[in-house]
Amino acid sequence: MSNIKEDIRKIFRAEVDKRVNIQEIKDDESITEFGVDSLDKSSVFLEIEDHFGVEIPDTEIENLDTIDDILKFINENK
Amino acid sequence: MIGIENIGTYLPERKTSNYDLMDHFDIDEHFIENKIGVRETTRKEKGKKSSDLGCKAIEDLLFRTGLDIRNIDCLIAVTQNPDTNIPHISARIHGQFECKEECACFDISLGCSGFVYGLSVIEAFMKDNGLETGILVTSDPYSDIIHPDDKNTRLLFGDGAAATLISSKPVFESGKFNFGTIGKRYKELICHDSNLSMNGRGIFNFAARYVPKDVYAILEKNNLEIGEVDVFLFHQGSKFIADTITRKLGIDPEKSQFHAATYGNTVSSSIPIMLKDYIEKDGMKNILISGFGVGLSWSSTILNKL
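Protein chains in written order, with the working numbering: chain A, 169 to 246; chain B, 299 to 604.
Careful, some of the hints might be misleading.
Here are the simulated DSBU-like cross-link-like pairs (lysine-lysine), alpha carbons at most 35 Å apart as the crow flies [what the hints assert, rightly or not]:
#1 449(B) - 194(A)
#2 449(B) - 209(A)
#3 173(A) - 209(A)
#4 482(B) - 246(A)
#5 511(B) - 246(A)
#6 333(B) - 186(A)
#7 546(B) - 178(A)
#8 240(A) - 313(B)
#9 553(B) - 209(A)
#10 485(B) - 240(A)
#11 313(B) - 186(A)
#12 178(A) - 313(B)
#13 511(B) - 173(A)
#14 546(B) - 240(A)
#15 511(B) - 178(A)
#16 553(B) - 186(A)
#17 449(B) - 344(B)
#18 178(A) - 344(B)
#19 485(B) - 173(A)
#20 173(A) - 482(B)
#21 449(B) - 246(A)
#22 194(A) - 333(B)
Here's a subset of chain B near chain A, in silico, CB distances under 7 Å, partners left out [said to hold, decoys possible]:
#23 333
#24 499
#25 502
#26 503
#27 506
#28 538
Hint data in this document are derived by calculation from the structure and do not stem from the laboratory.
Even for Gly, the Cβ is constructed at its ideal location relative to N, Cα and C.
Isolated chain B (complex conformation) (with noise of 0.2 Å):
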């Protein structure tokens, strides 16, 4: 059996604080707390690129396991916003690290699905390949592609990034997986000429009718009822997407928690953040993540702690 084992993650220390830029867009604190829910953004240091921040998280889930991870079989990254056009960020991290010559290293292209699908491809390609031991990273950091005079993007969005490690020992087993993707809309959320601009109405009408949909729709496939899912981990877009999802379902709020109000929302990321706390916690068994955006694409899976 292939499944989720560990999660490294990396959250910057220099953070940018949403109350000090009140007057800027004429927003107030009730605005921050309870409407975008994010208090604080993440910022990367300066030339710092995401195979660096993609190194931290590793860095991370090799404190937390001990692993040598020069024998890793493949390490696969999801990013947007590559170091450069060429080469892939993988094979970047691969070098750090010095692995293994016969480690398999690619790039996903996806933001905020990003994790779900990548989970997915990487777990197939070891079972495929009869591998062992992979590193899933996410790595997208939107603050050098953030103009400061944009309120719909600076005020979300933070630097992170996540390590994933997929083994033969896993805490975490995936369930099915659902997919889509909606090509006509995606100008919704767009970068031209290291730009980010984001039709927040677009994203959250989208967010708001499809993910639920969606929701049903793997619990179907994997044969569980709502009421038997333990924790909800929806990509943390913006406390207002997040609260309206839980509100459409009809969920307990317990159980769809908003998480990323000191750090923002870290795209890709964003899920095996939340999910890292969840590694070592008993008490439960089923976990859904839905991870929606850029694309427009979303991707969800029901997560069956071992």
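Isolated chain A (complex conformation) (with noise of 0.2 Å):
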């Protein structure tokens, strides 16, 4: 379970605008009030489904608003 969560977080590190200083945030806060814009979104989410070899449609995308919202989805769909 923690190494899914790492992996989460390094991918968020190696996709995210370095603007954003995304190191810091909460396993349950919100991305995009964390200021992470729909194109890195879409980058985090292509390297999710590729390293975890999930598919997440368009219409849970904004469901997954967390890196716990994301651990979640992985556990049920791997």
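Dock the two chains into a complex; use the hints.
Listed below in structure tokens is the structure:
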């Protein structure tokens, strides 16, 4: 579980614009409110799909707004 | 040998500034400059059609080359926004310039991959039929099909056209080509009732997944290493897409710059508009061109500077 979360955080650190201090985001904090824009989200979700072998439908994107949300989705769909 | 001899282009002088749309779309300067990369989009005059823009690009080509267009052997146009469904715009352009009656004209319906596909088609067509001079027109002004409230398209697409002269006196010789289609995802970029709609995430995922793989494939097909390519001209979908492809391939950003900041994504004209700057530039041998988008479709090749 913690490895998955660390991998998610690694993806965020690699894909999100460097002007967003993403390493300081809490697991239950909104990534949108933290400043992650729609393009960076596309990049993050693409890497998550490829890394974890999951498919994230467009209809799910709005529901995946925290690291906890993403972790739960991966665990349920992996 | 048949190949690209010269390129004429047309970008309307009229422009819309994306800075003026920051409040409308709730975006900031950073988003404009570093994400979409498009500061201004070109806008044709109301009432002007694809053939009008294509004719303007040809006028630029004639100015650059002194070509007598009445004697060309073929004229092929790439567009998905023809002036009218019938006839093909290449016939309208043919009539406008009073080309000879023995000149072959037809259109190709493709979007952002259209220039590379069109290049392969016109070169093969000319070689097979012993033709000496042809023009490949790309003209797909999207401004008539963009809804003013659609953030996904209004900030990106600009109007423009290009006219590429193909002859037996080439500056660039084309290598082998790659083509591909994912027809089951055609809805990602589609026009219904004159309204363009684009699933930005879908197009991004397609470009980020497929284009880097296609680059490796086209390099292998042409027996080249990635380091032997001097310039990479990727379709200018957005800066974010171009930068993502560049990063995934580990290319020196100097070799893969974003060119469309002052005019936007001109669909099938994006590659020839960039390529025009390299016609007279020395010090390079291999240029990789890669078009991708509507369809979903992609195509690539290597241009060898002679």
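Evaluation of the provided hints:
no.: 1; hint: 449(B) - 194(A); verdict: holds (30 Å)
no.: 2; hint: 449(B) - 209(A); verdict: holds (16 Å)
no.: 3; hint: 173(A) - 209(A); verdict: holds (17 Å)
no.: 4; hint: 482(B) - 246(A); verdict: holds (24 Å)
no.: 5; hint: 511(B) - 246(A); verdict: holds (25 Å)
no.: 6; hint: 333(B) - 186(A); verdict: holds (12 Å)
no.: 7; hint: 546(B) - 178(A); verdict: holds (16 Å)
no.: 8; hint: 240(A) - 313(B); verdict: violated (46 Å)
no.: 9; hint: 553(B) - 209(A); verdict: holds (27 Å)
no.: 10; hint: 485(B) - 240(A); verdict: holds (29 Å)
no.: 11; hint: 313(B) - 186(A); verdict: holds (31 Å)
no.: 12; hint: 178(A) - 313(B); verdict: violated (41 Å)
no.: 13; hint: 511(B) - 173(A); verdict: holds (28 Å)
no.: 14; hint: 546(B) - 240(A); verdict: holds (28 Å)
no.: 15; hint: 511(B) - 178(A); verdict: holds (23 Å)
no.: 16; hint: 553(B) - 186(A); verdict: holds (23 Å)
no.: 17; hint: 449(B) - 344(B); verdict: holds (21 Å)
no.: 18; hint: 178(A) - 344(B); verdict: violated (49 Å)
no.: 19; hint: 485(B) - 173(A); verdict: holds (34 Å)
no.: 20; hint: 173(A) - 482(B); verdict: holds (33 Å)
no.: 21; hint: 449(B) - 246(A); verdict: holds (33 Å)
no.: 22; hint: 194(A) - 333(B); verdict: holds (25 Å)
no.: 23; hint: 333; verdict: holds (5 Å)
no.: 24; hint: 499; verdict: holds (5 Å)
no.: 25; hint: 502; verdict: holds (5 Å)
no.: 26; hint: 503; verdict: holds (5 Å)
no.: 27; hint: 506; verdict: holds (6 Å)
no.: 28; hint: 538; verdict: holds (5 Å)
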